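Modelling step: build the complete structure from the supplied sequences, incorporating the hints.
Protein chains: 2
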Amino acid sequence: MTRNRAPEPTISEFVDGLRSGNRQLLSKAITLVESSRPEHESMAHAILDSCISPGSSSTIRIGITGAPGAGKSTLIETLGLEIVRQGKRVAVLAIDPSSSRSRGSILGDKSRMEKLSAHSDAFIRPSASSGYLGGTSPRTHETILLCEAAGYEVILVETVGVGQSEIVVNSMVDFILLLILPGSGDDLQGIKRGIMEIADMVAVNKADSGRRTLAEISKADAESALRLLPEKHPGWNRKVMLTSALEDEGISELWSTILHFSETMRNNGVWETQRREQLRLLLYTIVEDRLKREFYSHPAVKGIKHSIENQVLSGSLSPFSGALKLLEAFVGKS
Amino acid sequence: MTRNRAPEPTISEFVDGLRSGNRQLLSKAITLVESSRPEHESMAHAILDSCISPGSSSTIRIGITGAPGAGKSTLIETLGLEIVRQGKRVAVLAIDPSSSRSRGSILGDKSRMEKLSAHSDAFIRPSASSGYLGGTSPRTHETILLCEAAGYEVILVETVGVGQSEIVVNSMVDFILLLILPGSGDDLQGIKRGIMEIADMVAVNKADSGRRTLAEISKADAESALRLLPEKHPGWNRKVMLTSALEDEGISELWSTILHFSETMRNNGVWETQRREQLRLLLYTIVEDRLKREFYSHPAVKGIKHSIENQVLSGSLSPFSGALKLLEAFVGKS
Chain R
665 MTRNRAPEPT ISEFVDGLRS GNRQLLSKAI TLVESSRPEH ESMAHAILDS CISPGSSSTI
725 RIGITGAPGA GKSTLIETLG LEIVRQGKRV AVLAIDPSSS RSRGSILGDK SRMEKLSAHS
785 DAFIRPSASS GYLGGTSPRT HETILLCEAA GYEVILVETV GVGQSEIVVN SMVDFILLLI
845 LPGSGDDLQG IKRGIMEIAD MVAVNKADSG RRTLAEISKA DAESALRLLP EKHPGWNRKV
905 MLTSALEDEG ISELWSTILH FSETMRNNGV WETQRREQLR LLLYTIVEDR LKREFYSHPA
965 VKGIKHSIEN QVLSGSLSPF SGALKLLEAF VGKS
Chain L
665 MTRNRAPEPT ISEFVDGLRS GNRQLLSKAI TLVESSRPEH ESMAHAILDS CISPGSSSTI
725 RIGITGAPGA GKSTLIETLG LEIVRQGKRV AVLAIDPSSS RSRGSILGDK SRMEKLSAHS
785 DAFIRPSASS GYLGGTSPRT HETILLCEAA GYEVILVETV GVGQSEIVVN SMVDFILLLI
845 LPGSGDDLQG IKRGIMEIAD MVAVNKADSG RRTLAEISKA DAESALRLLP EKHPGWNRKV
905 MLTSALEDEG ISELWSTILH FSETMRNNGV WETQRREQLR LLLYTIVEDR LKREFYSHPA
965 VKGIKHSIEN QVLSGSLSPF SGALKLLEAF VGKS
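Chains R and L, in that order, are what the protein sequence lines are. Letter by letter, the first sequence follows residues 665 to 998 of the numbering used here. Letter by letter, the second sequence follows residues 665 to 998 of the numbering used here.
A couple of the hints might just be wrong.
All copies of an identical chain are treated as equivalent in the list; a pair is satisfied when it fits inside any one copy or across any two copies.
What the hints assert, rightly or not - Straight line, CA to CA, 27 Å or less: simulated DSS-like cross-link-like pairs of lysine-lysine:
#, residue 1, residue 2
1, K692, K779
2, K989, K956
3, K896, K966
4, K779, K752
5, K956, K692
6, K903, K752
Please keep in mind that the hints were generated in silico from the structure rather than gathered at the bench. Values in this document were obtained by computation on a predicted structure and should not be read as measured data.
This is the structure:
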C-alpha cells in the first residue's frame, strides 16, 4: 500500500483508454475488477457501466478445459495465432480453481505462450488465484466484458478439468472445448462425464503422428460417450476432433468448427438466449456478493457477531439460533 | 402434496424419538433438513436446537472419497461392519456432487450395502441430489448432527472424488480417507493433488492378492506424492495403506488407524479446534442461505426484480447498476 504512486486514472480515462485498446489500462481495469476492495469494485463497475455494449455481441467466448497435462496452453497459443492470422484480436484468460490449501495460476507466466503474447493483436492475462474454489466469483465474467470493451473479438478462457470450474466457465462462454489425451481411458470417465455434458466439442489433443492409432481409439471412445449424453444445444451435433498443436494439425479445422457453431447458434437464437441467461446469472452473482458484504459490514451485525460466534463455539447457542439472531440484527435495524 | 396424511410429529416428539434412536423419526428429520421449504427448515433447526450436545463430542466423523470405481461403497460396508462388530453404532451418508445437468445419488439404493443396512446398529441414508454442485449446502452437516443426536457414534460420509465435494466434506468431518486403485497412475495426479492435500490417509483399495505388486507400486507413488505436500495436521503423519474389502484385508488396521488418529488429535487439541472451525463455518453458511432467502422474498425486491432483470437483459441497464438498485430496494426498505 505505497502512498506516493501515480494517481489512479479517472473512470472516463479508463473508458477512453479501453476503447482505444490501451493494454496498460485494460490490465489496470482487470486488477480493479479482481480487487476485493469495495471502492475498486465500484470503480470497475462504473467503468463497465459505460463500456459494455447493449444487445447481443459479435464476440466469441470460448472455454477450453481438460485435465492437467492435456496440452491446454500449447493448443491455446496455436489456436490464438490462427485467430490473429485471420485478422481477429484475441484475449486469453484463465479460471483458476485454486485449491483450498495451495494457490497458483493456471496460465502461470506468459512465457508458456511466448509467440502469442508477443503478438500485437493478442492479450494474455494470467489469472490471479481467486481462492473461490473453482470460482463462484463473477470476476472472470467481468474480465471478459472488459476485454470485449477493449476490442478483443475472441476470448479464450482456460480452465482445468476438475469439474467445478467447468460449471463456472459454462456460465460465461458461448462454446466449450474439452481436451483429452490419446489413451486417456475410462479412469477419468467419472470426472469426464460431468464435463462432457457441458462440452460443445471434444478434441483428442497431442494426436501427433506417432500416437495416431491411440488417438483414433480415444476419439471413438469419446464419440460413444457423447452419444449417451443429452444434446446440449438444439441443432448442434457435438463432434470429436484430433488435434496436434505440435504439428499444427487440426487447429484451423477447430477454428472453422467454432465459427460454424457460432453462425448456427446465432441463426437459431440459442446464442442470444445463452448470453441473456449468463447476464441474468451475473446480475444475481453480483447481487449476492454485495448482499453478503452489506450484511457483514452492517453495524448491528458487527456489534453482536463476535459474541454470537463465541456462544455458538462454546455450545451455549446452536448455530441455527445464532444465525437467526444475526439476521434479526441485520433485517431489524438496517 | 397429499393433504390427508398422518400429522407431522411435534418437535418434542422428534426430539424424544431421536434420543430413543427411532429410525423412522431420524429419517423424517433428515427429510425436513433436506427440504427447501422454510417451515421445514425452521422445524429441523428447532429439533437440532434441542438435540445437539454442547462442547466437544465423542463421535467420529469420517469422509471417504475416491474416483468412481474406487470401491467406496464396498469398503464402507466392510468398514461399517467392522465398526458395529466393535460395538459402535454407525451411520452412512453421502455428499452428492450432482452434476449441473444429470442428477443422481452416490449411494444409490441400499442394496449396494445389503449386510450393513440390515444391521440394527447401522443407519444408511442415500443422499438426495442437492443440485448444489458439490454442495455448498450445510445440509449434510446438519444430517450428521441429527445422526449423532440419534446415538450414532461413527458417521461415514461418502463423496465422489471430483475436487469440489472434498472441500465440502472437509468442512464437516474429522478424518478424510482417500481411496485410489492399484495402477491408477499419474493421469489423475492433477485432480488427486487437490484431494491428497485434505486426505488424512490414503488407501490403495482393491489390493486383492492378484494385484498386490501393482498395489505396492501405487502405494509408493502415493507416499511420494504425500511427502511433497504440506502437513495437514500437526502431529499426524499421513500413511498409505493397502485395503481389499473383497478379501477383508487391511480393514481392521484401517479402523484402528482412525481410532489412533482420533486419540492423537483429541489429545493435542486439533480435534476440538477443527470441530469449532466447522461449527463456525456452519453458522455462516446458514446465515448466508437465510440472508439470500430474506432478500429474494422481500416485497420491495420482489416488486422491482422482474423489471430490473428485463432492463439488464435488454441491455438498457448494466448488471452492475441493476444489482445496486435491487440492494437499495432491500436495504432501504426492510
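Please sort K903 with K752 into within, between, both or neither, judging by C-alpha distance up to 27 Å. within (24 Å within a copy, 53 Å between copies)
Go through the copies and call it for K896 and K966: within, between, both or neither, with a Cα cutoff of 27 Å. neither (45 Å within a copy, 32 Å between copies)
Quick one: K779 to K752, C-alpha cut-off 27 Å, is that within a copy, between copies, both, or neither? Within one copy only: 16 Å inside a chain, 63 Å across chains, cut-off 27 Å.
Checking K692 and K779: alpha-carbon separation at most 27 Å within a copy, between copies, both or neither? Answer is within; shortest intra-copy Cα gap is 23 Å, inter-copy 61 Å.
Check K989 against K956 for me: Cα-Cα at most 27 Å, and say if that holds within a copy, between copies, both or neither. For K989 and K956, both the intra-copy (16 Å) and inter-copy (15 Å) Cα distances are at most 27 Å.
Using 27 Å as the alpha-carbon threshold, which applies to K956 and K692: within, between, both, or neither? within (26 Å within a copy, 32 Å between copies)
The structure fails hint 3 only (numbered hints given earlier).
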